[in-house]
Amino acid sequence: MQPIIDYITSYLNSTQTPGAAGNFFWAFVYILLVFLGLSVAVIAMNWLERKILAHMQVRLGPMRVGPHGLLQPIADAIKLLLKEDIMPAEADSFVFWIAPFIVVLAAFTVFVVVPFGPTHAITDMNIGILFMLGVSSLSVLGIVMAGWASNSHYPLIGALRSSAQMVSYEVAMGLAVVSAILMTSLHGLGLYGAGSAGTGDTGTLSMIGIVAAQQEQHVWFVFKFFPLGLIAFFIFAIAMVAETNRAPFDLPEAESELTAGFHTEYSGFRWSLFFLAEYSAMIAVSSIAVTLWLGGWLRPFPNLLHGTTWDLVFNLFPGITFLFLAAICFYSTARMPKHPYFKIQTMGLAGFGALLALIGFVLFVPAVFVRVQDIYWFAMKVAAFMYLYIWYRGTFPRYRFDQLMKVGWKILLPMGLGLLILTAVMGMRSELQHWVASIL
Amino acid sequence: MNPPVATPFFFYLLAGTMLMGGILVITRRNAVHSALALIAALLAQAGLYLMLYAPFVAGVQIILYAGGIMVLFLFVIMLVNLERVQKERQFNKQWLVGIAAAGALGGLFITIYTKGKGIFLDRAMPSGLEAENTQKISVLLYGQYMFAFEIASLLLLVAIIGAVVMAKKRI
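Top line first, the protein sequences correspond to chains A and B.
No gaps in the numbering here: position 53 of the first sequence is 53 in the numbering used here, and each next residue is one more.
No gaps in the numbering here: position 117 of the second sequence is 117 in the numbering used here, and each next residue is one more.
Excised from the complex, chain A in its bound form:
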């Protein structure tokens, strides 16, 4: 018994990810935690998307199942699982069966390298960002297989559109990513020359290394070589919406033209797998953007505002956020109709608020907030992207297919190429400055 306990506790003082430390127990625990967190995030996104879209269109959204429709995602999930599983008679049964699993596998596997904190990742790979882009590009295979295997016209057109779109936007996306990777190799002098010069090296593809480079250079890459970093981020932010087939680039599943695109023939559990994969892919590409340009797990101003006082102030943020959410819940509880029909709903909402408040108070315990604050900042940045996704969907009309191709190939691709050259020139300039300064 003792060796097992020693094996488990030996990781606790480690400064590495469980994968790098070679601890299988904790790697397994992290995998479970990431899976659980993702599932909760997808459920929350389902509710939030419907609610936010509804409010943008001056509607109420789901209100019936649970207080303010809070239990709606669970009701939906149960409905989907109980539905009849239909397979078209002329479908290619094996390919039809395996396609949703490929999409889900591709969407979930990328989270192996997502760094939620300096030690909070399942593992750190030397090829981190390449692995993420490569595995997420496999999801298009699943989509194409689903569209083809359905043996029906709308899914096939949806699959063709999807593969053309994803292959096109991968190019622009890759160029933007390369320009950010280029920045990891530089001696940083920070924004406007503030801060100290970091150590210039051969650069890195590791997700944790990229964030560490931003910390060392005292600047988020979105602000580096202003406005070059910002433009690269902008290109990526457009390409990632197209990669995940979301509005305004949701042509593969354009409901007014193609019924539901590549997953028209899917129902029940298989359809819910596509749904799950779409949302976790959205979270995955958002985490790439956060890691590459927005400083990953770093809190705002980690180098400028440091010291015990500032650390404490920023450490209190997670708890305050949850207390704020709890306060909203209690306010809504007070505003619930007083009719006896709403008694259970009012109690439920009060209970939910109490739960959030409890989590908030737990987050004020020093031992807890020290460990979760990097996860908190990472999650907040990703959450901002998720809100953007919903906002796009509520705002922009859908592109036509020729417009989509034109944006990808004639605007984003040349922009990305020019940007890469300019970033290299600016990088050489800053390296020369550093070299001159080191001689004098």
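Fair warning: there could be bad hints in the mix.
[Said to hold, decoys possible] One side of the interface only, derived from the structure: several residues of chain B facing chain A at Cβ under 8 Å:
#1 Val32
#2 Ile39
#3 Pro55
#4 Phe56
#5 Gly59
#6 Ile62
#7 Ile63
#8 Ala66
#9 Gly68
#10 Val71
#11 Leu72
#12 Leu74
#13 Phe75
#14 Glu132
#15 Asn133
#16 Thr134
[To be verified] Straight-line Cα separation of at most 25 Å, DSS-like style, residue types lysine-lysine; simulated pairs:
#17 Lys343/A x Lys51/A
#18 Lys51/A x Lys79/A
#19 Lys406/A x Lys169/B
#20 Lys51/A x Lys338/A
#21 Lys410/A x Lys168/B
#22 Lys51/A x Lys381/A
#23 Lys410/A x Lys169/B
#24 Lys168/B x Lys406/A
These aren't lab readings, by the way, just hints derived from the structure by calculation.
Glycine residues also receive a C-beta, built at the ideal position from the N, C-alpha and C atoms.
Assemble chain B onto chain A, guided by the hints.
Chain B only, in chain A's frame:
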């Protein structure tokens, strides 16, 4: 660094997947099934690269072959009328040439395996290579072999322009 785990198991698993994939590619009647089998073989190959402590090559294999080229393959195959293809004969009757080619390749492998033992490392790779694999490749490509690398990229550019010129009637 961690010691490698269950190496023979993973090697035989990946090699077996690759061989199965390769056989399925040529025996399936349906071209889409062949393409999918090819993808499985390519992914298993990426796994073998990982076992050889070459994560960068593995990543490039996945992103280029499985995620890029094979998607374009499927894209074209899906537009082909499969019903007509299924009536055609699957194999050409060229047994002699096939056996000769296979025999030559097999002979080559056997010769290398028996006589070339001095060329290959017969012990485990030194650990720690994996951690800076990408950096090592980049230093080699942009340092020692920079000229060759740039010429290769120029060649590819010429090929792309040539393809566009030949495919498009009016530019």
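>> Could you work out which of the previously given hints the structure breaks and list their numbers from low to high?
In response: none
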